[in-house]
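Next come the chains, spelled out residue by residue.
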Amino acid sequence: GNSVTQMEGPVTLSEEAFLTINCTYTATGYPSLFWYVQYPGEGLQLLLKATKADDKGSNKGFEATYRKETTSFHLEKGSVQVSDSAVYFCALSDSGGGADGLTFGKGTHLIIQP
Amino acid sequence: GAVVSQHPSWVICKSGTSVKIECRSLDFQATTMFWYRQFPKQSLMLMATSNEGSKATYEQGVEKDKFLINHASLTLSTLTVTSAHPEDSSFYICSATPGVYGYTFGSGTRLTVV
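Keeping their order, the protein sequence lines are chains A and B. Heads up: take any position in the first sequence, counting from 1, add 399, and you land on this note's numbering. Heads up: take any position in the second sequence, counting from 1, add 50, and you land on this note's numbering.
Keep in mind the hints are simulated off the structure, nothing from the lab. Built from N, CA and C at the ideal position, the CB exists for glycine as well. Each hint should be verified, as a subset may be incorrect.
Stated by the list, open to error - So the derived list for chain A, only partly shown, Cβ under 8 Å to chain B, looks like this:
no.: 1; residue: G442
no.: 2; residue: L443
no.: 3; residue: K467
no.: 4; residue: E475
no.: 5; residue: G477
no.: 6; residue: A485
no.: 7; residue: F488
no.: 8; residue: L501
no.: 9; residue: F503
no.: 10; residue: G504
no.: 11; residue: G506
Please take these sequences and the hints and turn them into a complete structure.
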């Protein structure tokens, strides 16, 4: 079956630091890949996505590139802010088109200190 | 656009009673909705796929008689936790797909069974 592995947290960084959250996956076929963010007390929000190999998803300064050869989708941001503090989930979908549910990683709690 | 509304946001019930959680797509029609369960500091686990006008598809290990799902219209899916027990206490989140390659999540329901 499908699985997503992401680095355990919490990850604590200072403001303006460079961020990398690793995510690797196991899936049959060609899944679509997603990063979701969950702020305290809120639901999940789509941060970015990529639907095929070598695609780069980007949003709000965050980027992730779909690497089929390494089955990875690492999340990066060049300069984090306190407001980026949240839990980040890497996820995949077999269909990408919404016919199947998502398989999530365990989530990475990111803490940004001023 | 593409808003999924989930109600209630939190509920406390007595052991042995049933609780119904609603998930509505506010500005789009959703033939398919998904129900997830999130344990504290853990990932979201797909429980079932809710299909409008037909029976839900449950993931392995999910008790269909305990977690009743009804998807009677294109904008509403309900999850009923029957004969709830403390171990059913969790955060339940629904999701729907407003378009290709997109999943929109509700804000979740915190269920506490006492």
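Hint check:
1. G442: 4 Å, holds
2. L443: Given a least distance of 4 Å, the restraint on L443 of chain A holds.
3. K467: Violated. Min distance 17 Å.
4. E475: 21 Å, violated
5. G477: 26 Å, violated
6. A485: With Cβ-Cβ at 14 Å, over 8 Å, it is violated.
7. F488: 7 Å, holds
8. L501: 6 Å, holds
9. F503: 4 Å, holds
10. G504: Holds: closest Cβ of chain B sits about 6 Å from G504 of chain A, inside 8 Å.
11. G506: 6 Å, holds
This entry does not satisfy hints 3, 4, 5 and 6, going by the numbered hints stated previously.
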